[in-house]
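As you go down the protein sequences, you meet chains A and B in turn.
Mapping to our numbering: the first sequence position 82 is 83, numbers consecutive.
Mapping to our numbering: the second sequence position 147 is 1615, numbers consecutive.
Don't read these hints as lab results, they were simulated from the structure.
Hints should not be assumed to be uniformly reliable.
Stated by the list, open to error - Label-pair distances were calculated between CB atoms; the ranges are:
(1) Asp52/A x Glu1795/B: 28 to 38 Å
(2) Ala1730/B x Leu97/A: 32 to 42 Å
(3) Lys72/A x Asp1799/B: 21 to 31 Å
(4) Lys1829/B x Ala110/A: 32 to 42 Å
(5) Gly19/A x Ile1736/B: 19 to 29 Å
(6) Asp1799/B x Glu28/A: 18 to 28 Å
(7) Asp52/A x Asp1799/B: 21 to 31 Å
(8) Asp52/A x Glu1604/B: 55 to 65 Å
(9) Val1764/B x Ala112/A: 47 to 57 Å
(10) Asn1705/B x Lys72/A: 50 to 60 Å
(11) Leu1827/B x Gly19/A: 29 to 39 Å
(12) Asn102/A x Lys1829/B: 22 to 32 Å
(13) Asn102/A x Ala1730/B: 25 to 35 Å
Glycine included, each C-beta is placed from N, C-alpha and C at the ideal position.
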Amino acid sequence: MDLQTKIENNAIIVTISGRLDAVTAPEYEKKIRELIESGNIYMVVDFEHLDYISSAGLRGLLVMVKLLNAKGGRVCLANVNENVHSVFDMCGLTALFKMENSVAEALAALA
Amino acid sequence: MIKIEHLSKKFGDLIVMKDITTEIKQGEVVSIIGPSGTGKSTLLRCLNLLEIPSAGSIHINGIDILDKNTDVAKIRQKMNMVFQSFNLFSHLSVLENLTIGPINLKGMSKQAAQAKALELLRLVGLAEKADSYPDELSGGQQQRVAIARCMAMEPEIILFDEPTSALDPTMVREVLSVIRRLAREGMTMAIVTHEMDFARDVSNRVLYMDEGIIYEEGPPEQIFDNPQKEKTRAFINRILSYTCRISSPDYDLYAMNAEIEAFCEKQILPKKTGYNLLLLVEELLQIYRPFLYTVVLDITIAYSEKKERLELICESTGEELNPIDNENLTDDLGLTIIRNLTESIDYLRLNGKNRLQFLIKTNLL
Chain A
2 MDLQTKIENN
12 AIIVTISGRL
22 DAVTAPEYEK
32 KIRELIESGN
42 IYMVVDFEHL
52 DYISSAGLRG
62 LLVMVKLLNA
72 KGGRVCLANV
82 NENVHSVFDM
92 CGLTALFKME
102 NSVAEALAAL
112 A
Chain B
1469 MIKIEHLSKK
1479 FGDLIVMKDI
1489 TTEIKQGEVV
1499 SIIGPSGTGK
1509 STLLRCLNLL
1519 EIPSAGSIHI
1529 NGIDILDKNT
1539 DVAKIRQKMN
1549 MVFQSFNLFS
1559 HLSVLENLTI
1569 GPINLKGMSK
1579 QAAQAKALEL
1589 LRLVGLAEKA
1599 DSYPDELSGG
1609 QQQRVAIARC
1619 MAMEPEIILF
1629 DEPTSALDPT
1639 MVREVLSVIR
1649 RLAREGMTMA
1659 IVTHEMDFAR
1669 DVSNRVLYMD
1679 EGIIYEEGPP
1689 EQIFDNPQKE
1699 KTRAFINRIL
1709 SYTCRISSPD
1719 YDLYAMNAEI
1729 EAFCEKQILP
1739 KKTGYNLLLL
1749 VEELLQIYRP
1759 FLYTVVLDIT
1769 IAYSEKKERL
1779 ELICESTGEE
1789 LNPIDNENLT
1799 DDLGLTIIRN
1809 LTESIDYLRL
1819 NGKNRLQFLI
1829 KTNLL
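Using the sequences and the hints, build the whole thing.
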């Protein structure tokens, strides 16, 4: 898993690539926690290059939502591919996450 | 007619066939099926004495053919063989291929041998090719000539060693229909074949060979519809499997993923199926993780090409325990994914092991 960040329109765009699974989820959670603790509470997570997600990855995302909610922040996911989306569906989490088709749309949704 | 007892064959230290005991009765059509390299062709070659068995006996109509005083040439006239690679004489015409044996070995007149040869060529639908040479014929036509040549010696039994393996699919049918006709006419035959539908239709009895033994034998209805033994079932249903053993919580998930992906690629399973399998395996491993300090877990993925059925089996050592019933799961996300990916989940305690069997949803294939 690789994680890149950049700031745009007062939000942080987190681009994640590779896999979000039992091996990589702890690292994801740690980095996201650091970002939120340093004040980045409006977040777009770009999944364009995320190939795979498991329940371990979903747990990392749930932690992210919980931390942001506690700080009055928000998150929007962008470019969620079909395989990854199907895992959200299976777990009934699709409604819990705001999802948009592009980073631009996600930024707009947060504005 | 043919009685085989405790027949074995070794090549150096390699045992290719061991303790084969069976009988072929007059008028019987016996198909010999099984994976490659399990001794099927060796059995036929031993019957025809192209290979000399290392142990055991073969009696044909009461005559011990392994007795050094037995006239091997005479035995071969009674029991002729059709090979995968036709083995026609390329410098002789089709007619000459059929007449050389009867003239030289049976003392038949040229005229009588030619008349018989033409009759047999008509039987296999190749009378108009009598003056052609083998290399002017297709593979299917060459094999039909080889069958007619075999018949020209008026054998009591014909041994077929994978008669259609060297043919392209379009030519298989023409050869099989000739063999079917011989079966209808009551010819005694032993046929090594990979053509399962053919073996089912044409045989009175089927021998399933595996690891050098007759692993299971019975009527075609038993072998093809209700095989009694595990390896026969796996072969008939074309089950291909991959097994991985995990004996520590520090397993290498990515190495395992690479092997599962390679398995899916080999079976030409859709990419989505591969994705779901990786997901299922990861979720299961997460559930098993607390137990992996003390138990050994075998994960098997089994795909039946024939039934288009994909199963995942987790077999673990240790006390009776169904991990997915465990109330200590931190949440039900993993279990929810597992239930979504599978059609059925069965747990049973078998041979002192815990066995969890998952049938993966077919709409995912």
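Tested hints:
1. Asp52/A x Glu1795/B: 28 to 38 Å: Because 33 Å falls inside the window, the suggested range holds.
2. Ala1730/B x Leu97/A: 32 to 42 Å: 36 Å, holds
3. Lys72/A x Asp1799/B: 21 to 31 Å: Check passed, 23 Å falls within 21 to 31 Å.
4. Lys1829/B x Ala110/A: 32 to 42 Å: 34 Å, holds
5. Gly19/A x Ile1736/B: 19 to 29 Å: About 26 Å separates the Cβ atoms of Gly19/A and Ile1736/B, which means 19 to 29 Å holds.
6. Asp1799/B x Glu28/A: 18 to 28 Å: Cβ of Asp1799/B to Cβ of Glu28/A: about 20 Å, so the range 18 to 28 Å holds.
7. Asp52/A x Asp1799/B: 21 to 31 Å: 24 Å, holds
8. Asp52/A x Glu1604/B: 55 to 65 Å: 56 Å, holds
9. Val1764/B x Ala112/A: 47 to 57 Å: Holds, at about 55 Å.
10. Asn1705/B x Lys72/A: 50 to 60 Å: Because 57 Å falls inside the window, the suggested range holds.
11. Leu1827/B x Gly19/A: 29 to 39 Å: Cβ of Leu1827/B to Cβ of Gly19/A: about 30 Å, so the range 29 to 39 Å holds.
12. Asn102/A x Lys1829/B: 22 to 32 Å: 28 Å, holds
13. Asn102/A x Ala1730/B: 25 to 35 Å: 34 Å, holds
The structure meets every hint from the earlier list without exception.
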